[in-house]
Structures are given as structure tokens and as C-alpha cells.
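Heads up: the sequence lines are chains A and B, in that order.
Quick note on the UniProt record's numbering: the first sequence kicks off at 1 and runs consecutively.
Quick note on the UniProt record's numbering: the second sequence kicks off at 1 and runs consecutively.
Hints in this document: simulated from the structure, not taken from any laboratory.
You can trust all of the hints, since none of them are fake.
Simulated DEER-style distance windows between Cβ atoms:
#, chain 1, residue 1, chain 2, residue 2, range
1, A, T79, B, P98, 44 to 54 Å
2, A, Q68, B, V437, 51 to 61 Å
3, B, M162, A, G42, 40 to 50 Å
4, A, R80, B, S80, 48 to 58 Å
5, B, Q390, A, Y19, 49 to 59 Å
6, A, P18, B, D58, 19 to 29 Å
7, A, P18, B, E295, 22 to 32 Å
Negatives, chain B to chain A, calculated, CB over 12 Å:
#, residue
8, D76
9, T156
10, S193
11, I195
Idealized CB from N, CA, C, for every residue including glycine.
The chain contents come next:
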Amino acid sequence: MQITLTVNGEQRELEVTPYTRLLDLLREDLGLTGVKEGCGKGECGACTVIMNGELTASCLVPAPQADQAEIITVEGLGTRDNLHPIQESFVEAGAVQCGYCIPGMVLAGKRLLDENPKPTEKEVRYGLSGNICRCTGYAKIIDAVMLAADKLAVEGSDSND
Amino acid sequence: MTDQSKRIKDYFCKHTTRCTIEGVKKSKRFVGHDVLKADAWDKVTGDAVYPDDISFDDMLYIKIKRAVHPHAILKDIDISRAKKVQGVVDIIVAEDIPDVRQFGLIIRDQPVLIAPGEKMRYMGDALAIVVAETKEAAKKARDLIKVKVEELEVITDPFRAMEDDAPNIHPDGNIVITHHLNRGDVDTAFKDSAIVEENRYQTQFIDQLPMQNEAGVALYDERHGVVDIWAATQWLHDTQADVAQSLRLSKDQVRIIQPTIGGAFGKKEDVSVHIHLAIAAMRTGRPVKLCFTREESMITQSKRHPITIINKTGVDRDGYLTAWETKFIGDTGAYASSGPAVVHKGMYHATGPYNCPNLRGVSHAVYTNNTYAGAMRGFGTAQGAFAYEQQMDILAHKLNMDPAEFRLKNIYKKDSITPNGQQLTHSVNAEETIKRVMELSDWKGGRK
Chain A
1 MQITLTVNGE QRELEVTPYT RLLDLLREDL GLTGVKEGCG KGECGACTVI MNGELTASCL
61 VPAPQADQAE IITVEGLGTR DNLHPIQESF VEAGAVQCGY CIPGMVLAGK RLLDENPKPT
121 EKEVRYGLSG NICRCTGYAK IIDAVMLAAD KLAVEGSDSN D
Chain B
1 MTDQSKRIKD YFCKHTTRCT IEGVKKSKRF VGHDVLKADA WDKVTGDAVY PDDISFDDML
61 YIKIKRAVHP HAILKDIDIS RAKKVQGVVD IIVAEDIPDV RQFGLIIRDQ PVLIAPGEKM
121 RYMGDALAIV VAETKEAAKK ARDLIKVKVE ELEVITDPFR AMEDDAPNIH PDGNIVITHH
181 LNRGDVDTAF KDSAIVEENR YQTQFIDQLP MQNEAGVALY DERHGVVDIW AATQWLHDTQ
241 ADVAQSLRLS KDQVRIIQPT IGGAFGKKED VSVHIHLAIA AMRTGRPVKL CFTREESMIT
301 QSKRHPITII NKTGVDRDGY LTAWETKFIG DTGAYASSGP AVVHKGMYHA TGPYNCPNLR
361 GVSHAVYTNN TYAGAMRGFG TAQGAFAYEQ QMDILAHKLN MDPAEFRLKN IYKKDSITPN
421 GQQLTHSVNA EETIKRVMEL SDWKGGRK
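Just chain A, with the same shape it has in the complex (with noise of 0.2 Å):
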């Protein structure tokens, strides 16, 4: 079946059958790699995309149900020569070990500071709770989601100004 999307800001249409996942489609039909599969079952969060605004397991959305959807990946933020200030930060705090979750940690990230700019070290903590990583102890992933916080709040002010 025939089904439409915009991935990152760009619209694609692709054939799928029922039982392909988001996260084959995203990764095989649009090798946008940077998603990953840590346990298909929804449960480590390293599969994670933004869909419709929300934070998605794509290992557990059948494609046909992403027809019209919009979906942001890691791939949709920023690139090495012009990362997003999510992933500045986690370069800079030493957020990044094996990097296997960090994909969906940065757009974890980035949802919560979408919603809430300023958060506490408890929000952070929340927001995050839907992705494991099993290298560094969260601790400098909370520090690089609270020093992203700190920068968009100076860009942000800068723009006002």
C-alpha cells in the first residue's frame, strides 16, 4: 500500500506492506540509520522519533499507520558542521559514550525543551525516562539536556533583542 509522510521536512510517498515497521521503513526505505533498534519492543527508547510532536517508539508503529504523519529523527536536527544546540551540548558535557541511545536521548531531549525551556533537574530526569542507556549513568545526559536549556534561552534572547 501507498502511504505519505514528511520525514524532516520533506514530503515522501512509499509503497509499504502492513506489517513493515516505522523503524525498517525510516531506516532501509529512507536510510536515515540514525534511528536505531535496541529491543523492538518499545521499551529502551533508542528507536525513538518525534511523530506528530510526540515521542514515538518507531519500533511499534505499523508504516501505514504514519501515512500523513510528520516525523522528525536525529537526522532532522542538525549536521556536523551546524549541530542543533541539543546535540552541541551533548558533545560538550561528554553526554555521548557508545552513542547507541543517543539519537533518541537528543530528540527526548529536544521534545522536553520544546514544551518546558527552563526545566529542573527532576523534569529532565522525567523527560528522559523513556530511554536507556547503559554507558555513562545518565548523570552528564541530565547536565548536557540543562546546559542545551541554557543556550536556547541566550539564542532565544538574543533573537528577541
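Got chain A; can you put chain B on it based on the hints?
Structure of chain B alone, referenced to chain A:
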């Protein structure tokens, strides 16, 4: 953050070198400076390439048919229906690869595929390699493979495995290895001790659970006779050597290319996808991909050893350790993996960071039909720590002594000698660490 928790954090940072704080002497370039990780940019943008992210045109997908019983003789394997699934390119069983040899980190006891007449020893053993044009076809064909087995007694307890009438899981018996430790006169020291405490401790299986499952891609260059394998490993050259000997290739015919690793924690020391990938690539002449699911990773690959530790510890009236006897029995599951080394190291750490003049120890790695156990962070010492610290607390309680003070009396100092005979000649700050923890936590003594 309260003042106290800030002080603890700073102290922790200083002593674990996990982060830098002010006042530490800095080197010119790296030590004492924040250094940004070179690969962080690739990892925050999604550009980093992990094994499952590698694809080739005309690539085939592999699924592995695994054991249907934890301890059984394979009587028959029927792939006729599976072969008819549309998209199936090849189904490889043991009789197709008669020259392939067993593999393993320390003891080469793991078969690449179980042949009829041979035994499956745990649920992760491979029976057939299914290669197909799509993942779906490979999965469908795998599930159509019919297997007949003769079930044997399933041994899940290493103590049962060590009994005389237990069936042998491997031909040479169930005790993979035995290590001994002897120092001083333990029997006399126990006799002269004020208190002797003996307890049995049990730890459990733990999966290392790295975020990325075992996965890889392989390509066979027929002209040069070289197989390229893109798959994570923690021991690049050991994996290369083991794959090469298993396939009877020379080492320069096997190239292991390390993509970004999505965590390992010991789990990726063992061969996982590598040999099956190489065989499929060489037989089909096409690029092949094999990715474990999380379930497959948990069933098939190594765990932290569950260890039974029996500690007998003596102290004199003044609270000094006099003698320590330990039995350290590791359930290494169906295959040895790193087990012989894990139980060796664990036994040598039996007394933890405490001085004890008279020592006796024995450790075994024992085969069972559980998923095999191998390396995981700490390599046998984490299990031991649980047991020796419990011993220390129980003894302190029996001596009616502050457990911190009891530890300070016995803690390693400069020139202490560890159970394996190593003299600690510098940088022994365990005593200082205990004192600072007492100070920072406002320790009031643990006496009842």
C-alpha cells in the same frame, strides 16, 4: 545540591578520575582538562555507522535456527519445506561444512553448527544458517525447519553437574577447570582464631545488555580469497584468529573491520555472528547480513557468571584477620568462554582489599546447560565483593566492633601482598578513602 553532597561528589570525582575538578595539577594537553570525544559529533547527528547500519546492494539476510532443547542429541534435521520458501537462497547445515572447526575464547569447545548425532548443550546452539533475499523469508524458512531430538537430563545447577552420576555435558566431564590458592598455615590459624565465620553466598546471572545487539555484514572477495566481516568485537585480533582457525583459513584471509560498537561490557568478547556470516558469504558469493534480536542476544551470548562462594574467615580478639578459606564455584553454562579466567581472578580477590596472612582457596568453572557465562565488567571480582564485604560486616558485628574500624585495621596499605603474591608498591589509598568516607558521611559508628 547540599554542601555535604557536593563535597562527596567532588571527592568521588577526584578519586575515580571520572571528571575534573579545580585544584588538580594539570598536564599541558589532556590530564586535568576536559577533552571532547572525537567521535561525539558523529554520534549526536546519527552519522556514526554501527554494524546494522551497513548495507550492500544485492545483500542477503541470515537467520539462525537454534536449539529446541537445552540438552539433547540431534537425531534429524529436515530443511526440505524450508528450502521451498520463496526467496530462500541457501540453508546451511553441519554436513555442508564438514571441515569447519570448533571455536572459543580459551577452550575451543563451541561447535559452529550441531550435526546429527551431536548434542545441543543450551538454547543458543546453532543448527542451521538460513540465507534469503529478505529478512521475512529467512525467518519464515527458519521456522519451517523440522528437528528431531533425543532429550537428555537438563543440568541447570553446577552442584548437580559435579556429582558422579551427572551426565557429561562435554566429553571430558563437567568441571572445566580447577584453580588452587595456598599461603601460610590455614588450619592452625583457624584453630587459634577467636571467631571463625563460615557462610555461603550466591550470585545470579546478569546480562551485560549493551544497547546494540550483535550484528554484522560480510563480503567474500573470491579473487583474493579474503572474507571481510564488519562486526563488533572487543578483541579484534583474537576474533580474527579464532574465525580463521575455525574456517581453516590463514589469518590474512579474514579481515575483521570494526564499525562503531554500541556497547559491549564483556558480552562482545565472544564470537557471535562472525563465523556464520563468513560461511554464508563464502557459499553464496553475495554480501550477507546477520542481526540478532534482543531475545536472541540474551539466549545466545554470554552472561555474568552466577557464582557460589563459600567463605570461612577467622579473626583474632583484636580484630585482625587470621585465616581465609574460599570455595568459588562458577556456573559457566554450556561453553567455557572466559570462565576459566573469571573464576581464577575471582578467587584471587577472595579477601577483597584486606590483609590476611593464611589463605586457602579452590575455584571451579563448571559446565551446565544454562546460557554460557563469560566476561562482564569486573570479571569475577564483583561477585566476590558481595561475599567478602558481607563476611566483614558479620565479623565486625560478632566482635562488637565498628565495621569501619574493623576494615581500617585490615585494609591494604603500601607493601601489602595480595593473595596472588603481588606486592602493592605504590598508590594504595584505600585507608585514606575509608577515612574520608567516614568523615564525609558523618559516620557515627555501626556498633549495635
